[in-house]
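Based on the provided sequences and hints, a complete structural model is requested.
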Amino acid sequence: MFPVYRQTPRIVIMAETSPKRLALKAIENLPADATIEDAMERLYFLAKVQRGLAESEAGQFVSHDEVRTRFGLR
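Going by the working numbering, the sequence shown opens with residue 339, and the numbers climb by one from there.
Please note that a few of the clues may not be correct.
Label pairs and their computed distance ranges (CB to CB) [claimed, not checked]:
#, residue 1, residue 2, range
1, GLY397, LYS358, 21 to 29 Å
2, SER394, ASN367, 19 to 27 Å
3, ASP376, THR407, 36 to 44 Å
4, ALA364, GLY410, 35 to 43 Å
5, THR407, LEU368, 24 to 32 Å
6, ASP403, GLU366, 39 to 47 Å
7, GLU379, PHE399, 20 to 28 Å
In short, the hints are calculated from the structure, not lab data.
If you're wondering where the values come from, they're calculated on a predicted model, not measured in any experiment.
Ideal Cβ placement from N, Cα and C applies to all residues, glycine included.
Rendered as structure tokens:
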């Protein structure tokens, strides 16, 4: 199950949903003139976001402070 974010007035709500439902909803929300490439791009983006969220939840991330140190911004 992947979290999906839907917006209500200025509030983001996270709800659990299946990957299939997430994909269907993303495609349904595309404009009527969207191309297959638009749909593929949206699904690819969602897959990358889900991967990033899973990595973050698993503690696989670098803190802002560490990034600043690595780039010599301190």
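Comparing the hints with the structure gives:
1. Evaluation of the 21 to 29 Å hint for GLY397 and LYS358 yields a pass: the beta carbon distance comes to about 28 Å.
2. Taken as a hint, the range 19 to 27 Å holds for the pair SER394 and ASN367, whose Cβ atoms sit roughly 24 Å apart.
3. Distance hint check: the CB atoms of ASP376 and THR407 are about 39 Å apart, consistent with the given range 36 to 44 Å.
4. Separation of ALA364 from GLY410 is about 39 Å and conforms to the stated range, judged on CB atoms against 35 to 43 Å.
5. Taken as a hint, the range 24 to 32 Å is violated for the pair THR407 and LEU368, whose Cβ atoms sit roughly 41 Å apart.
6. About 40 Å separates the C-beta atoms of ASP403 and GLU366, a value consistent with the hinted range of 39 to 47 Å.
7. Checked against the hint of 20 to 28 Å, the pair GLU379 and PHE399 passes, with Cβ atoms roughly 25 Å apart.
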